[in-house]
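From just these sequences and the hints, can you work out the full model?
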Amino acid sequence: MTTQTPFNPTTYIIPIRMEVESVNGLKIDSLLAALDTGASYTFIPWDVAFRLGYDPARSSRRQRIATGGGIVYAPVITVHAVRALGMREENIDVLCHDLPEESNLDGVLGLNFLRKFDINLRFSKGIIEATRLA
Amino acid sequence: MKAELKTIEQLEQEYPNECLLLVDYQFDPINSQIIGGILVEHSKSRNEIYKKLALYDNDRLCIYYTGKPYEDIRYLL
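Respectively, the protein sequence lines represent chains P and U.
According to this note's numbering, the first sequence holds residues 1 to 134 in order.
According to this note's numbering, the second sequence holds residues 1 to 77 in order.
In case anyone wonders, no lab produced these hints; they're calculated from the structure.
Accuracy of the hints is not assured; some may be wrong.
Listed next, the stretches of chain U that the computed footprint assigns to chain P, with coverage defined by at least 3 CB atoms under 8 Å from CB atoms of chain P [said to hold, decoys possible]:
(1) 30-43
(2) 46-56
(3) 59-68
Simulated restraints on C-beta separations [said to hold, decoys possible]:
(4) P:Q63 / U:Q26: 31 to 37 Å
(5) P:K116 / U:Q13: 26 to 32 Å
(6) P:R115 / U:E9: 31 to 37 Å
(7) U:E48 / P:T67: 20 to 26 Å
(8) P:L121 / U:Q10: 30 to 36 Å
We put the beta carbon where it would ideally sit given N, CA and C, even for glycine.
Set out below in structure tokens:
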């Protein structure tokens with residue numbers, strides 16, 4: 001199955017809608033995330049993780065990450081599922097990290113989600129094609 | 001605040017350059033866009049909206065910014 005998601009090819013980032021499911025899969029929060037093939041992990045804000053029933057503060061897993069602001073340690077949690085680009089991926093690790101308020105972004109859709117698919121960024125048409133890998 | 005379903009166009013007009021918290025939002029899966037929802041919070045500050053998240057037990061919740069990305073900011077994520 002291949003999905004096609006429109007995007008604006010002229011902006012400085014590729015903003016996309018990302019939905020994150022709660023611990024029991026019954027609640028969903030919709031966020032604005034940057035599609036970032038240079039980011040190893042998917043990020044969500046701490047407060048979103050709390051609202052969805054996760055407790056990043058109690059996670060025993062920490063990931064050292066390099067950001068524009070320097071090196072930080074962010075907790076890693078496994079969420080029930082992440083939905084983006086017309087796809088849904090279960091049991092995916094995400095980092096809990098708050099981006100600067102001025103970014104107007106809630107999170108990042110990173111490689112640990114994107115690598116499940118063949119991603120084709122068609123800048124000439126403003127379409128992202130995603131095909132699930134076998 | 002009165003619970004009323006509004007379209008994104010209405011919300012962008014009424015609350016320009018603000019961060020909105022919508023419940024029971026409507027999503028267009030074809031275009032991957034939010035098309036409406038019930039406004040429960042709004043603020044110029046995204047962090048203020050984050051602080052309100054825990055107050056809502058709704059099944060579907062959306063954080064939506066009505067402005068455009070800052071023209072003078074480049075992103076290094």
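Evaluation of the provided hints:
Three residues within the 8 Å Cβ limit are the bar, and the region 30-43 of chain U against chain P gives 4, so the coverage statement holds. Chain P is given as covering the region 46-56 of chain U, and this holds because 7 residues of the stretch bring a CB closer than 8 Å to a CB of that chain, at least three being needed. For the region 59-68 of chain U, the stated coverage by chain P holds: 8 residues have a C-beta nearer than 8 Å to a C-beta of that chain, and at least 3 were required. With their beta carbons about 35 Å apart, Q63 of chain P and Q26 of chain U fall inside the hinted range of 31 to 37 Å.
One distance hint, 26 to 32 Å for the beta-carbon pair K116 of chain P and Q13 of chain U, is violated here, with the actual separation near 38 Å. Between R115 of chain P and E9 of chain U the beta carbons are some 36 Å apart, a value that agrees with the proposed interval 31 to 37 Å. Take E48 of chain U and T67 of chain P: their Cβ atoms lie about 23 Å apart, and the range 20 to 26 Å holds. At about 32 Å, the beta-carbon gap between L121 of chain P and Q10 of chain U stays in the expected band of 30 to 36 Å.
When each numbered hint is compared with the structure, a violation occurs for hint 5 only.
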